[in-house]
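Chemist: As a plain string of letters, each chain reads:
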Amino acid sequence: MSTSAVTLPPATTTGTTGRSGGRRRPRRWSAVVVYVVLVAIAVVYVYPFLIQVMTSFKTDADASNDPLALVPQTWTTAAYQRLFLHSDFPLWFRNSVIVTVAVTLGRVFLDSLAGYALARLRFRGRGLVFAGLVAIMAVPPVVLLIPKFLVIKQLGIYNTFAALIIPLLADAAGVFIMKGFFESIPPSVEEAARLDGAGAFRIWWSVVLPMAVPALITIVILSFQASWNELSHFIIASQDPDLVTLTKGVAQLASGALSAGNQYPLKLAAAAIMTIPVAVLFFVFQRRIMNVSSGAVKE
Amino acid sequence: MNRRTTRRRTIAALAGAAGILALTACSGGSGFSDSTSTAQATSTGGGSLRVLIGSSGDAETAAVKSAVADWAGTSGTDATVSVASDLNQELSQGFASGQPADVFYVSADAFQGYASNGSLLAYGDQLKAKDDFYPTLVDQFTYDGKLYCAPKDFSTLALIINTDDWSKAGLTDADVPTTWDQLTTVAKKLTTDGRKGLAFSGEYARVGAFMAQAGGTMTNDDGTQATVNSPENVAGLTYVRGLLNSGDAAYAATLGTGWGGEAFGTNKAAMTVEGNWITGAMTSDYPDVKYKVVPLPAGSGGKGTLQFTNCWGIAADSKNQGAAIALVEHLTSTDQQLAFSKAFGVMPSVQSAADGWKKLYPEMTAFIDSASFAQNTVNAKGASDVITDFNAQLEGLAKGDPQKILDSVQTNLQAVLDQDK
Amino acid sequence: MTSLSSAPGRAPAGTRTGPARRGSARGPSGRQGAAGWLFVSPTLLVLGLFLVIPVVMAAWVSVSDWTGRGSPFASGVSYVGAKNYAALLTGGGLATKDFGTSLRNNAYYVLLVVPLQTALALFLAVIVNRRLLRGRGAFRTAYYFPSVTSSVAITVLWLFLFSTSGVVNGVLAWFGVHGPNWFADPDGVLHLVLGSLGVDTAPAGLADHGLLGISWWDWLAGPSVAMSAFILMAVFTTSGTFMLLFLAALQNVSGEVEEAAVMDGTSGWQRFRFVTLPMLRPTVFTVVTLGLIGTWQVFDQIYTGTQGGPAKTTLTPAYLSYNTAFNNQQWGQGAAIAFLLFAIIVVVTALQRLATRDRAVPRRRRFRLADGTLAADAAGPGVQEGGRR
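Residue numbers (my numbering), protein chains in the order written: chain A, 209 to 507; chain B, 21 to 441; chain C, 42 to 430.
Each hint should be verified, as a subset may be incorrect.
[What the hints assert, rightly or not] With a Cα cut of at most 27 Å, we get these calculated DSSO-like pairs of lysine-lysine: (1) C:LYS138 x B:LYS424; (2) B:LYS312 x B:LYS208; (3) B:LYS379 x B:LYS209; (4) B:LYS288 x B:LYS419; (5) B:LYS150 x B:LYS379; (6) C:LYS138 x B:LYS419; (7) B:LYS85 x B:LYS209; (8) B:LYS150 x B:LYS166; (9) C:LYS138 x C:LYS124; (10) B:LYS401 x C:LYS124; (11) B:LYS401 x C:LYS138; (12) B:LYS401 x B:LYS419.
[Unchecked claim] Computed footprint of chain C on chain B; a stretch qualifies when at least three of its residues, placed anywhere within it, have a C-beta under 8 Å from a C-beta of chain C: (13) 134-142; (14) 269-282.
[To be verified] Label pairs and their computed distance ranges (CB to CB): (15) A:GLN494 x C:ALA391: 33 to 41 Å; (16) C:ALA384 x A:LEU258: 50 to 58 Å; (17) B:GLY214 x A:VAL279: 20 to 28 Å; (18) A:VAL261 x B:ASP438: 49 to 57 Å.
I should point out that these hints are in silico values taken from the structure, not numbers from a laboratory.
For each residue, glycine too, the CB sits at the ideal point set by N, CA and C.
Same shape as in the complex, but just chain A (with noise of 0.2 Å):
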């Protein structure tokens, strides 16, 4: 066909749905367009949570009546002050917290652990091992509702923070990011180590982790993520409202614990501030969030 020059306009088209049209159009106009339609979505997947925040400012009554307006009739912190100074929210805070940062120390610990053997260390079984997390992975979590209970039950830990934080340390999908990440390693450090006289673990801990850091990182983000979002599991390994969390505490407000009525400024708040940890850490590693293709997957 046509023997273009060089430089090809690059917003001829959308590439996509055609949209703009065909590829006659000029640069300008296709490109606007696609600016807008991006702007527009972009609008549609933050204008939600603008409001959520003016909302949590805004009076029970305000919120009820004139739920569009973005800034309140009447600022007031009342919804703030009932969160914080007359429910148990700073305890589920306090609760959540610690049961994040168990959870995200011990799978990194475990996960590098499992993922160095996997990837370095050659021992009878290794293939079964590794089949055996793929197997699990593939079991659905909506099963284990009712049966990790019974377990839970069973060994006495119920109603302890034992039950919320044990049970997340497995997981699979971390323990493949980092026996993928040891592989990418060149052996030749560790080689020179063993020739040393160091044992397994010395290296692990002295040599690899360290190195490890960027994979770590992503462990991090996602074990964060995972534990604070966290709800099904904390349902069922306790009742002790001593040892709500964040997000159980959220969805028992949002099913009206704190009587009756729509207080939408209250439970709004109440999930803004909740969100508010994630929102940081999502803020602060966002490239490398973007950048690993196996991520935390929303039902």
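Could you slot chains B and C onto chain A? The hints should help.
Modeler: Here is chains B and C on its own, set in the frame of chain A:
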């Protein structure tokens, strides 16, 4: 998936099975024996009591907490109160885990389930004030011939009317509806733009009152036959459907509210059908609304309403049942029950407190007077599922067929009753 | 939250994957062997205790009559065979109806969410991937942000946005549309559509017969309006994650192939259909698989939001399993529902693999570049093996 992976999976599964046998062995001695507690001996080990309640609001929580604290002070046994966000779920989990609360609310519809699987202690005979309870309430909580738990209070449904809207519509005391036709007329007069004359939650616990007014019941007297699809019940549902389609009445959910009280308090409706608990909600959430309480009108079968009651259950697995019984006796004493009534409006379950209640609430006598023609809600074991399904079908009543709805509930309820025999 | 990665083989590019039977044929050295087992044992222990054993335990509970008190392995608990399963599948009572209702609700959810989220994620990825797009990072961030929030927080937000006089209905009012009661509206969408075409009641044949206690007419009700709000929520929150997967895959698409195709004067649409899409096949496959597995397990949102209402139209098998066991204390039946759901997921995933397995690309669909080579061939051997895993 290739054969290799499948074989590995099998091996993994077998390894798991081996593991579980090992686990059984080591957990066998951990004391999870299957004792069913029909033993009359109560445990009197020391230790604090845990009380679990399903509260209707801040008023109830505060009242129960202070009553329990009083008792703990005088008796020397520590006791703490927790509010459940989902009482039945937390109770179930508690029983299954072997660590239930010691004292807790048991609703009438869940009662038989817990009584039959041995989760509850049958302490009714050990109560000193056993004969003071209303007989219908004792019936609700008797299983296998034994009174399992002390009724803690009860409420009936009545008609709540917004007095400002009432007078603005030109209505007087003489217009208070006593028949279905009058109710229809009054609802029409009270309907304006943006406000319905009557609103109530779309569930059996409210619509059932109309079925009772038509003269229908859900089961026969000894609870062995379901009588759901009787012509009387059909008449009751048909009347409700007429109300909904007339435009003068609506379900609370259709108006965007969570329950009848919210629709009433936010003036989306001028009247509602609710029970005693609405008084607490009105005082705390909608203090500016002036209202009066009148008995529900009589239908084609005479007067009728529903009554609701809970009891104080004591766990069979509780370690300090003696103290628990003492606590329950304190909580059901005449004075304490009147204190609860003052706090959140419920009616005492002991007959000796009836006069005291009428003196406290002269404007609410409609509630306690309705007790004479009130029907118990269905409490057969497994019936709560049937009621949930009934409620689901009631949501479509406006366009649905009452006979078909009741026929399906009849089938379901009969199946449940047959299983319980 | 589940943290699933795609099946092995989707780990970051550049690493080798697959079963570890490759490599050294030498036997394991003693010390390494011991160290190896030591290293994996904590993970295996936790996995075994809280994944393998529970599954076996649940299998036992589902064929026993355990009532919820004491241990399921105590002497009083007996084997009842397939009674629980029969009650769900053939019993015809309320249990069957509830199971059928939950299946129907979830089926529509899956049918709508998976294609929508895949298509939207693909669309966003392709647009955001364009060279010379300014602010690409900002757009990517905006589209991915909902995916990091917890389902509880998003459900709370959604309940607010979709309330009767809420934001969504307010926006619809600008266009003169009277929004429905969203989370309180149990009417099925298909029924509403049929109703507007004049078909108000069930045709005789459809109303009298049914499956699992639900008449065929009710099977055709479509998702309820309340369920539709959840569907929108699912698409909103997961499209970002899958967009990232597609972006990663798109970045692997050789730029030269695209330029060659552009040189040949193809339109953007043709380029997309015949060059980009085939090379994305493995990723599409992954996204659809993950989507199927995820959507069949929807639980958190139902627990937080509607608990199965209105009129049981947001009841899902996962929530039904939980409710049956924990609220109604019918543990055997709850476990049976969970295993039936497991079976459904396995079957659906297997069917999907079957349907998208690699087949020879039909002649007329091959896109030939100017020099006579196949576009697919130019992209590399990975394309032809797209469906084979």
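Chemist: Work down the list of hints and note, for each, if the structure agrees.
Modeler: Tested hints:
Of the supplied pair hints, the one linking LYS138 of chain C and LYS424 of chain B holds, its CA atoms being roughly 15 Å apart against a limit of 27 Å. Proposed proximity of LYS312 of chain B and LYS208 of chain B is supported: the alpha carbons are some 19 Å apart, at most 27 Å. Note on LYS379 of chain B and LYS209 of chain B: the hinted pairing is violated, with a Cα-Cα distance of about 33 Å set against a maximum of 27 Å. Proposed proximity of LYS288 of chain B and LYS419 of chain B is supported: the alpha carbons are some 22 Å apart, at most 27 Å.
Distance check on the hinted pair: LYS150 of chain B and LYS379 of chain B sit about 24 Å apart at the alpha-carbon level, within 27 Å; holds. A hinted pair counts as satisfied when its Cα atoms are at most 27 Å apart, and LYS138 of chain C with LYS419 of chain B qualifies at roughly 21 Å. For the hint linking LYS85 of chain B to LYS209 of chain B, the alpha-carbon distance of about 44 Å lies beyond 27 Å, and the restraint is violated. For the hint pairing LYS150 of chain B with LYS166 of chain B, the CA-to-CA distance comes to about 12 Å; that is within 27 Å, so the pair holds.
Among the hinted pairs, LYS138 of chain C with LYS124 of chain C is consistent with the structure: their alpha-carbon atoms are about 16 Å apart, no more than 27 Å. Between LYS401 of chain B and LYS124 of chain C the alpha-carbon distance is near 19 Å, which keeps this suggested pair within the 27 Å criterion. Of the pairs offered as hints, the one joining LYS401 of chain B and LYS138 of chain C holds, with about 19 Å between alpha carbons and a cut-off of 27 Å not exceeded. Of the supplied pair hints, the one linking LYS401 of chain B and LYS419 of chain B is violated, its CA atoms being roughly 31 Å apart against a limit of 27 Å.
Three residues within the 8 Å Cβ limit are the bar, and the region 134-142 of chain B against chain C gives 3, so the coverage statement holds. By the rule of at least three residues with a Cβ nearer than 8 Å to a Cβ of chain C, the coverage given for the region 269-282 of chain B holds, with 4 such residues. The given range of 33 to 41 Å is respected by GLN494 of chain A and ALA391 of chain C, whose C-beta atoms sit roughly 37 Å from each other. As the Cβ distance of ALA384 of chain C to LEU258 of chain A is approximately 43 Å, the hint placing it in 50 to 58 Å is violated.
As the Cβ distance of GLY214 of chain B to VAL279 of chain A is approximately 26 Å, the hint placing it in 20 to 28 Å holds. At roughly 55 Å, the beta carbons of VAL261 of chain A and ASP438 of chain B sit within the given window of 49 to 57 Å.
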